[in-house]
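Here the protein sequences line up with chains H and S, keeping their order.
Take 1 as the starting number for the first sequence in this note's numbering and just add one per residue.
Take 1001 as the starting number for the second sequence in this note's numbering and just add one per residue.
Calculated from the structure, these hints are not laboratory results.
Any given hint could be a false lead.
[Claimed, not checked] Here are some chain H residues pointing at chain S (derived, C-beta under 8 Å):
1) Pro8
2) Asn12
3) Ala29
4) Cys40
5) Glu43
6) Pro44
[Unchecked claim] Rough simulated footprint, nothing fancy, chain S against chain H, three-plus residues with beta-carbon under 8 Å:
7) 70-79
8) 100-109
All C-beta atoms, glycine included, are put in the ideal place defined by N, C-alpha and C.
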Amino acid sequence: RKEVEQDPGPFNVPEGATVAFNCTYSNSASQSFFWYRQDCRKEPKLLMSVYSSGNEDGRFTAQLNRASQYISLLIRDSKLSDSATYLCVVPYNQGGKLIFGQGTELSVKP
Amino acid sequence: SQTIHQWPATLVQPVGSPLSLECTVEGTSNPNLYWYRQAAGRGLQLLFYSVGIGQISSEVPQNLSASRPQDRQFILSSKKLLLSDSGFYLCAWWTSGGSYNEQFFGPGTRLTVL
């Protein structure tokens, strides 16, 4: 099992759609998780952190299922500006090392 | 506020030439620093990380090396570039004083080896 594995994508959705990405991780000891957003040819930027069962920020909801070792990201009412690659990130240890998933590309169309 | 700088932004180098990429952080002290590489269409691969001046941990065997001559300076080097070294190189920082394990990335250097 890969350390962090994401839906392969790409996801092509119309504006206003709801889309969900899944991510599984192998390290059952991980305590915190992150979703980063990466625009084309740009650096990744933190979108959401997940420390307990979930987190919600406007149209974005991240959920954590520790028993099944997966994290999901739900985007409601998709906007054109949501088009990007979404990276699932799991800490390797407590020293700041992170393991990045391959990313899921989202394209929101008019 | 903290900022992170990388230069150059883009670089085209011939095979066999040397490489030096620089990363500097402002507005924080004693950060952990990281070098990642992202090949075209691939995820981020951690290359090196450093917890302090002169302390470097290598994650994957390769022809690259890293150095940390000052607290807020991190340098990625190669004596002879390979075609496979092409990619998007990202520097990142983290401190225990910030959000747990959240890393902040620089703007990156896009390297093409011909």
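Hints, verified against the model:
1. Pro8: 12 Å, violated
2. Asn12: Where the cut-off is 8 Å and the nearest Cβ of chain S is about 17 Å from Asn12/H, the hint is violated.
3. Ala29: Violated: closest Cβ of chain S sits about 13 Å from Ala29/H, beyond 8 Å.
4. Cys40: Constraint on Cys40/H not satisfied, violated at 11 Å.
5. Glu43: Holds: closest Cβ of chain S sits about 4 Å from Glu43/H, inside 8 Å.
6. Pro44: Nearest chain S Cβ about 6 Å off; hint holds.
7. 70-79: Coverage by chain S is violated here, the residue count being 0 at a Cβ distance below 8 Å.
8. 100-109: holds (count 4)
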